Amino acid sequence: MQQRNESAKREAQNSKGGKPSASDTPASTPPSASGRGGRLLFITLAVLAVAGLMYWYMSAPQEAQQAGAPGGAPPAPPVTVSTPLVETLREWSDFTGQFNAQESVEIRARVSGYLESVNFKDGQLVKKGDLLFVIEPRPFEIALDSAKADLAQAEAQLELAKVQLERTSELHKKNYASGQTFDERAAEVKNATAARDRARAEVDQAQLNLDYTRVLAPVSGRVSRHEVSVGNLVVGGTGDTTLLTTIVSLDPIWLTFNISEGDGMTYKRLIQKGEVESARTNSVAVEGQLMDETDWPLKGTIDFVDNQYDRSSGTIRVRASFPNKDLFITPGQFGRVRVPMSQEKPTMLVPDAAVVTDQSTKLLFTVAEDGTVVPKPVELGSVTDDNLRVVRSGITRDDKVIINGLLRARPGQKVTPQPGEIKPQGQQATAQQ
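To convert, note that position 306 of the sequence shown is 295 in my numbering; the numbers rise steadily by one, no gaps.
Worth double-checking, as some hints may not be accurate.
[What the hints assert, rightly or not] What follows is a list of derived Cβ distance ranges for each label pair:
id: 1; residue 1: Glu144; residue 2: Arg214; range: 44 to 50 Å
id: 2; residue 1: Asp134; residue 2: Ser209; range: 33 to 39 Å
id: 3; residue 1: Lys151; residue 2: Gly228; range: 39 to 45 Å
id: 4; residue 1: Arg79; residue 2: Thr405; range: 35 to 41 Å
id: 5; residue 1: Gln402; residue 2: Ala342; range: 19 to 25 Å
Calculated directly from the structure, the hints in this document are not laboratory data.
Here the structure is a predicted model, which means the values were calculated and not measured.
Even for Gly, the Cβ is constructed at its ideal location relative to N, Cα and C.
From just these sequences and the hints, can you work out the full model?
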């Protein structure tokens, strides 16, 4: 715009025949010429820079390829390999279950009456035979006294009947008494004997009812809270009786867990092979732990396997018994149990991270002598506490397994094996469920 304005001024002056003034004549190089030169220099430098970068980009890979491998081929990627670790151990499968009391008893009243006393503190430990409750005994004491009186009367009637029978028998032998009279006296003795026996039974029943007023602990364990307070009427007998409290035993304690059909079939196959013992016919040793424990301090045995699978869940119930001497475990807690799945034997181990899954097939990538990656299908076992996987078959002890760099390995391609080591951990294997 500035240049066009100056040109218009000069044309106007020329058309008027005048000369441009000193102020209109530039004294040095016009600013427009300086700007065009700077832009041309910048464009030239930018073109040279782009050309240099393109030359470096095109030539650098070729130089690297020529320096790295003959014929321009990319170098084989490095991977870490190791032979399987061999350790003598036993495989285990672990399951989650719940602890249950071996004896759980509801304490109910056997006779009706008013509660006279509660003889325990809620939640305390009790022993078998300890007194828990007392129901008012006075009515039952009176009933017992009455039954004893009836028994004494019945015994007296029996003695009288026996004496009369003896007299009649002597008279009958001398023909002073008829046979009918003798038979009547004999029948009176039998009736008196039956009445005496009935009176004895009533005494026993009255004594039993009196004993039932003292409610004793039927098992040793921990008692719950009392459900009825002193002074309330409790209903005993049969039917809708009054619940007074409950007691659960604590030592020993059960851990009940469920095994899936697949795990059950695996265990049966191992029994057929003679690798493990049947829990139905043998006392199979197992180990247990609480949910916050990492080791397996509980030592117990399987004492029950159910007779059928649950149709809704496809699992079978199994029960293990553990000692609970310190009473630390409470019924209802959750815990874990591990079952032996083999005898102690030399076993191949690889890092669990080295296992490759191809749909339902488990693979281990091995490296041949010429550096070629060879995938091998394997049969896997349990995984140890240190994430080492048991390999039952599919590889040998001399195979070089890729334990690091799996993302750089492709089946059939070359790799550069670098020696590594699977460090022994000295831990027993435990299956992850």
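Hint check results:
1. Glu144 to Arg214: 44 to 50 Å: With a Cβ separation near 48 Å, Glu144 and Arg214 satisfy 44 to 50 Å, so the hint holds.
2. Asp134 to Ser209: 33 to 39 Å: 35 Å, holds
3. Lys151 to Gly228: 39 to 45 Å: The hint (39 to 45 Å, Cβ to Cβ) holds, given that Lys151 and Gly228 are roughly 43 Å apart.
4. Arg79 to Thr405: 35 to 41 Å: Hint holds: Cβ distance 38 Å, inside 35 to 41 Å.
5. Gln402 to Ala342: 19 to 25 Å: 21 Å, holds
Consistency with the previously given hints is maintained throughout, with no hint failing.
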